[in-house]
Amino acid sequence: MLLFLLGFVCLQFGMALLMGLFYLIASKVMLLALALLALLGILSLFKAICHELCVYFNQESSALRHLWFLQVRRQDVERRQAAEWRQLSYLHRFKRQRLLAADNRKQLGALSDSVSQELQVARAQLPATRYKNLRKALRQYRKQANAAAMLTLRQQLHVTD
1 MLLFLLGFVC LQFGMALLMG LFYLIASKVM LLALALLALL GILSLFKAIC
51 HELCVYFNQE SSALRHLWFL QVRRQDVERR QAAEWRQLSY LHRFKRQRLL
101 AADNRKQLGA LSDSVSQELQ VARAQLPATR YKNLRKALRQ YRKQANAAAM
151 LTLRQQLHVT D
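Heads up: the sequence shown begins at 1 in full-length UniProt numbering, then just goes up one per residue.
The set of hints was computed from the structure by calculation and includes no laboratory data.
Backbone N, C-alpha and C fix where the C-beta goes; we use that ideal spot for every residue, glycine too.
Watch out, some of these pointers could steer you wrong.
[What the hints assert, rightly or not] Ranges of calculated distance between the beta carbons of each label pair, as one might list FRET restraints:
#, residue 1, residue 2, range
1, 101, 61, 58 to 64 Å
2, 2, 40, 41 to 47 Å
3, 101, 154, 19 to 25 Å
4, 123, 145, 23 to 29 Å
5, 127, 95, 18 to 24 Å
6, 148, 102, 18 to 24 Å
7, 57, 86, 37 to 43 Å
8, 132, 85, 54 to 60 Å
9, 149, 92, 28 to 34 Å
10, 102, 159, 30 to 36 Å
11, 155, 80, 51 to 57 Å
12, 97, 75, 29 to 35 Å
13, 36, 64, 36 to 42 Å
Taking the hints into account, I'd like the entire structure generated from these sequences.
In structure tokens, the structure reads:
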């Protein structure tokens, strides 16, 4: 900038040849300074990248990243195990409910068959309308899966004997 200022001063005093020389030198110096600044910026960028790569591949930071990886992996395994346990628990509960329902149906069927046989045995001693009403009630109780009502019907049969 000082060379540009000297060129301006030479222009004011009428020294055009000296002014041209100062302006020529000043433009070359400015271009050189700009190129040097760009080169310095590229050099500092390259140095920063090299430093970051060295830090990234440093044994300590690599070990730290590996530790974080292992922690995340452990958490993933724990979450997966918890999800699998919940799923298995749900499936076992569902199977237990199905088995319980099947067993209840089987027991109700056996109870109904037993009461039906007792009703057949008591048929000769009962009036026809009473027998039909009891038979109808037994079918209705079986359809409703009402074990208590079937047991009450069974007790009524034994009371009438």
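Original post:
Failing hints, ascending?
Top reply: 2, 5
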